[in-house]
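Use the sequences and the hints to build the structure in full.
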Amino acid sequence: MGRQKRLMMKIDNPCSRYTTYSKRRDGILKKASELSVLCDADVGLLMFSPSGRLTSFASNGRVEDVFLRYYFYQRLRELKHEGEMLEKLSKIYNPDLKNITSVHEAQVYQQFLTDSLRHVEKLKEELLGKQIIVQESGTVEVTWLERTENTIWNSTANDHDQPKTT
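Heads up: the sequence shown begins at 14 in this note's numbering, then just goes up one per residue.
Please keep in mind that the hints were generated in silico from the structure rather than gathered at the bench. Among the clues, some could well be false.
Straight-line C-alpha distance at most 25 Å; calculated DSS-like pairs for lysine-lysine [claimed, not checked]:
1) Lys104 / Lys143
2) Lys18 / Lys36
3) Lys23 / Lys43
4) Lys44 / Lys23
5) Lys43 / Lys18
6) Lys44 / Lys18
7) Lys101 / Lys111
8) Lys23 / Lys36
9) Lys104 / Lys93
Fair warning: this is a prediction, and the values are worked out from it, not measured in the lab.
Laid out in structure tokens, this is it:
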């Protein structure tokens with residue numbers, strides 16, 4: 014006759030709980046050691062008893078080394094994902110112009126660039142407006158460079174609006 018399977022519930026009696034923990038702790042440490050030896054796996058294990066006592070196991074070296082490896086692994090995965098996202102964004106914002114094969118694709122890309130340029134101009138105007146408000150002096154001064162730049166932008170925008178004749 015075999016053992017009955019124990020129902021997994023919290024043990025109410027603190028003495029029984031600690032006894033069960035002590036017995037099972039040794040078993041799980043043995044299993045972790047066997048897994049490490051058989052599979053050449055790095056195993057790090059931290060356990061806190063019901064009374065708060067720490068038990069740790071590391072197959073190769075220190076537990077801290079195993080957990081640092083885990084931390085850096087997670088960070089590496091995050092950085093790889095971030096790099097993939099940046100690469101996708103780079104392809105969107107800097108497409109290979111050799112791959113544009115039709116007039117429609119060129120028009121779509123041109124519209125995208127035009128919209129992006131307008132968006133950047135709006136942001137720049139907002140930032141300049143905030144900068145002017147923040148200035149300590151009570152007078153608003155627009156430098157020669159800013160006036161020239163605005164003139165160039167306005168003339169460029171007007172050139173795009175008018176049909177070209179040759």
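- Query: Broken hints, numbered, in rising order?
  - Reply: Structure breaks hint 1 only.
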